[in-house]
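Let chain A serve as the given structure and place chain S on it in line with the hints.
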Amino acid sequence: MALFKLMKHTCTLKSLYCVNNAIVSYSQKQELISNITYENASSNSLNETCEDLSSFTPYYPKTFNLAAYINNSELLQNLLHLNVNLSKIEKKPYIAEKVLKLNSETIGNFILFIKDYVDANEIGNFITKNPLILYESLEDLSIRINYLHSKQFSNTEVRRIISKNPYWLMFSTTRIDRRLGYFQNKFNLCGSEVRGLTAKQPRLITYNLHHVITNTFVIKEEMGFEDQELKKLLLDKPKLWMLNQRALLERFKYIHNVMNIPHSIILLCPEVLLSRNFRVKQRHMFLKKLGRDQFDPKKENFVPLKALVEGTDVEFCKKYAKCNVSDFNTFLKTI
Amino acid sequence: MVKFRNAAAAFKALNGLICVYKPACVPIQQIQHTILTNLCRDLNVLPDRPHEKRVEIVGPTNAPMTVKLVPNYADNPLVCGPRYIKEDFRCSWATHLGLFTSGVLLLGINQGTKLTYLINTARLTRAYKIHGQLGKATDTYFWNGKTVEKSTYGHVTREKIDKVVAHMQAAHQKTMFEMSGVHMESQTMFDLAAQGLIRPANNNLPVIYGIKCVYFNSPNITLEIQAINEYDKYLWTIIHDLGVQLKTSAHCTGVQCIRQGKFDLDIALLRKHWQLEYIIDNMDQCRRLMEEHSLILQPKSAILSV
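These protein sequence lines map, in sequence, to chains A and S. With UniProt numbering applied, the first sequence covers 1 to 335. With UniProt numbering applied, the second sequence covers 1 to 306.
Simulated from the structure, these hints should not be mistaken for laboratory data. Hints should not be assumed to be uniformly reliable.
Rough simulated footprint, nothing fancy, chain A against chain S, three-plus residues with beta-carbon under 8 Å [unchecked claim]:
#	segment
1	18 to 24
2	74 to 82
3	263 to 276
In silico lysine-lysine, BS3-like type, Cα no more than 27 Å apart, as pairs [unchecked claim]:
#	chain 1	residue 1	chain 2	residue 2
4	S	129	A	288
5	S	146	A	281
6	S	136	A	289
7	A	319	S	272
8	A	239	A	164
9	A	91	A	101
10	A	281	A	318
11	A	318	S	272
12	A	253	S	272
13	A	253	S	136
14	A	92	A	129
15	A	299	A	333
16	S	272	A	333
17	A	306	A	220
18	A	281	A	186
19	A	322	S	272
20	A	319	A	289
21	A	288	S	272
22	S	272	A	281
23	S	136	A	288
24	A	88	S	86
25	A	333	S	233
26	A	231	A	220
27	A	239	S	272
28	A	306	A	232
29	A	164	A	151
30	A	253	A	299
31	S	272	A	289
32	S	212	A	333
33	A	306	A	253
34	S	86	A	92
35	S	136	A	281
Just so it is clear, CB atoms sit at the ideal spot from N, CA and C, and this is done for glycine as well.
Excised from the complex, chain A in its bound form (with noise of 0.2 Å):
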């Protein structure tokens, strides 16, 4: 700051009207000192200058966003052009900071890298998920990469990982491979399901571990599923493990109890634990007011458990209900 009083001071008015553009980089500030110095000692310093001033700038002030600067910024602006969604990482200052601090030749490295791996559009979501991939080294991603290689996962499968978890590549071998060896042996899986898991909902694996141990207990314990069919639905809808495990445990309570539907029917359909209880609920309610609640297939009317949470209101009236849907409507302005 002292720096720029200086300069303001030996400057005229007319040139600094004309400062502008780019940083002042460590050498053009050496360069500055002896100027002003050499200029002291032999000239006024109202006189005017007939030199280039443009490369001269106030620094940057601080600032809360990236807005600020990406129009001087080269790299922000090829971030830009990434599709990154730079108001995303300046939610969080401590990873901002870090972006800026990159230089293009590593993004540049990066991508080229990575382009193997996730689709062209995606790669700026994919920066904007996990922006803090770009410090890691590329032997580190390569061995990483390698590592699923060695576990006879197939091209696709490798791909879909990647392109699916973002985080997947910041975890270290060994962290990856505890982990998988955790889900083989907690749901005894032989390693063509385990792959089978990990290309499925990879996100699932560098999951926090004590939300998939809770999430554990409340399907074997709380909802009494046995360890074969534990195994099944882990297989069938994994996204149940990162769930909300008061609200999974409200879902089950009520198609369950409420409903009185089995285990078994439950394992054949397992959506309806992934759709948000009211819905089940209003759909629920509406065919037991029309008495059509009937989700036993070996009797006549038999309605689907899946009807309850797939298509819109428009289609289950149709096809279900046998309706008008400004009846179900109605309905739903009683409850």
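Frame of chain A, contents of chain S only:
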């Protein structure tokens, strides 16, 4: 349904009152949050204004400089964030509905927050359906409380309920006059009372204008109540009192607001319709309703009109 050409026109149209259907077990704050985030989501996908340009003066300072018009990167939504965010809206509710209450809820958006203030101070009557169950009393008077008492209810008939309910309604008429703010033994009071039902002067005490039993299938009962200044816990206690007076016990299983002033269930927006087009449509309906009944917001006399 109106189709909007750009987001700015749609945002300008978002000034007024909306009437939504509040589901039970969802707090009002959450409803407010859902509606505002849905509005932002819908506004942000509408066609945006053109990106700003910026003027750059470049070149060496000791030679003639050039003036250029370049795109302003800082104006890109990827850099400065989405065009509309939740904080751009003001939103308030007219009267509070408790967590377990469902039904008509009036929300004001932007300029509409003034209307919600007027509605709140105008003290419109609200009509409720209250569902209760005989035979069990709980410590909170609601289904979520601990059971404190169980009793038989075989002796309760429709006639007995009607009798007790009519008695309760008559007893509440007295509070109506007490709340008018006029001395009870004066000529003014007599003149007021001669005109019929009157509105309360302040919001201290709940005033009930009518109670009716609309459904009875032992042990389930449903009451319909018209009231001003009431709140959810007060309505629960009515069911409890009813149980005591019927020589049994009772607790409340659900409260539903079916009408507030002239706003009833017909125009209330369901949860699946909390989207931009439906909300603007609903705002128009509410505006028309208020134009038809302009006196409900600033009542001139003490006589109960709606």
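We went through each hint and held it up to the structure:
Counting residues of the segment 18 to 24 of chain S whose beta carbon lies closer than 8 Å to any beta carbon of chain A gives 3, which meets the minimum of three for the stated coverage. Using a Cβ-Cβ cut-off of 8 Å, 8 residues of the segment 74 to 82 of chain S lie near chain A, which meets the minimum of three, so the contact claim holds. Coverage of a stretch by a chain is defined here by at least three residues with a beta carbon nearer than 8 Å to that chain's beta carbons; for the segment 263 to 276 of chain S and chain A the count is 5, and the condition holds. Distance check on the hinted pair: residue 129 (chain S) and residue 288 (chain A) sit about 21 Å apart at the alpha-carbon level, within 27 Å; holds.
Distance restraint check for residue 146 (chain S) and residue 281 (chain A): the Cα-Cα separation of roughly 24 Å lies within the 27 Å cut-off, and the hinted pair is therefore satisfied. The straight-line distance between the Cα atoms of residue 136 (chain S) and residue 289 (chain A) is roughly 25 Å, inside the 27 Å bound, and the hint therefore holds. Our distance criterion of 27 Å between C-alpha atoms is met by residue 319 (chain A) and residue 272 (chain S), whose separation comes to about 19 Å. Simply put, residue 239 (chain A) and residue 164 (chain A) have alpha-carbon atoms about 13 Å apart, close enough for the 27 Å limit, and the pair holds.
Distance restraint check for residue 91 (chain A) and residue 101 (chain A): the Cα-Cα separation of roughly 17 Å lies within the 27 Å cut-off, and the hinted pair is therefore satisfied. The straight-line distance between the Cα atoms of residue 281 (chain A) and residue 318 (chain A) is roughly 18 Å, inside the 27 Å bound, and the hint therefore holds. Our distance criterion of 27 Å between C-alpha atoms is met by residue 318 (chain A) and residue 272 (chain S), whose separation comes to about 18 Å. This hinted pair checks out: residue 253 (chain A) and residue 272 (chain S) have alpha carbons roughly 24 Å apart, not beyond 27 Å.
As the CA atoms of residue 253 (chain A) and residue 136 (chain S) are separated by approximately 24 Å, the hinted pair is consistent with the 27 Å bound. Taking the CA atoms of residue 92 (chain A) and residue 129 (chain A), the gap is near 12 Å; set against the 27 Å cutoff, the hint holds. About 31 Å separates the Cα atoms of residue 299 (chain A) and residue 333 (chain A), which puts this hinted pair outside 27 Å; it is violated. Proposed proximity of residue 272 (chain S) and residue 333 (chain A) is supported: the alpha carbons are some 12 Å apart, at most 27 Å.
Annotation: proposed proximity of residue 306 (chain A) to residue 220 (chain A) holds, straight-line Cα distance about 23 Å (limit 27 Å). For the hint linking residue 281 (chain A) to residue 186 (chain A), the alpha-carbon distance of about 33 Å lies beyond 27 Å, and the restraint is violated. Proposed proximity of residue 322 (chain A) and residue 272 (chain S) is supported: the alpha carbons are some 20 Å apart, at most 27 Å. Only pairs whose Cα atoms come within 27 Å are accepted, and residue 319 (chain A) paired with residue 289 (chain A) is accepted, the gap being roughly 16 Å.
Under the criterion of a C-alpha separation no larger than 27 Å, the hint pairing residue 288 (chain A) with residue 272 (chain S) is consistent with the structure, at around 21 Å. A C-alpha spacing of about 14 Å is found between residue 272 (chain S) and residue 281 (chain A), which places the hinted pair at or below 27 Å, so the restraint holds. For a cut-off of 27 Å, the pair hint linking residue 136 (chain S) to residue 288 (chain A) stands: about 25 Å separates their Cα positions. For the hint linking residue 88 (chain A) to residue 86 (chain S), the alpha-carbon distance of about 15 Å falls within 27 Å, and the restraint holds.
Restraint check: the Cα-Cα separation between residue 333 (chain A) and residue 233 (chain S) comes to about 22 Å, which is no more than 27 Å; the hinted pair holds. Straight-line distance between C-alpha atoms of residue 231 (chain A) and residue 220 (chain A) comes to about 10 Å, which keeps the hinted pair within the 27 Å bound. Between residue 239 (chain A) and residue 272 (chain S) the CA atoms are separated by roughly 24 Å; this keeps the pair inside 27 Å, and the hint holds. Distance hint between residue 306 (chain A) and residue 232 (chain A) is fulfilled; the C-alpha atoms sit about 18 Å from each other, no more than 27 Å.
The suggested pairing of residue 164 (chain A) with residue 151 (chain A) holds, with an alpha-carbon distance near 19 Å, which does not exceed 27 Å. Taking the CA atoms of residue 253 (chain A) and residue 299 (chain A), the gap is near 24 Å; set against the 27 Å cutoff, the hint holds. As the CA atoms of residue 272 (chain S) and residue 289 (chain A) are separated by approximately 20 Å, the hinted pair is consistent with the 27 Å bound. Restraint check for residue 212 (chain S) and residue 333 (chain A): satisfied, since their Cα atoms lie roughly 20 Å apart, inside the 27 Å limit.
For the hint linking residue 306 (chain A) to residue 253 (chain A), the alpha-carbon distance of about 17 Å falls within 27 Å, and the restraint holds. Our distance criterion of 27 Å between C-alpha atoms is met by residue 86 (chain S) and residue 92 (chain A), whose separation comes to about 19 Å. The suggested pairing of residue 136 (chain S) with residue 281 (chain A) holds, with an alpha-carbon distance near 25 Å, which does not exceed 27 Å.
When the structure is compared with the earlier hints, violations turn up for hints 15, 18 and for no others.
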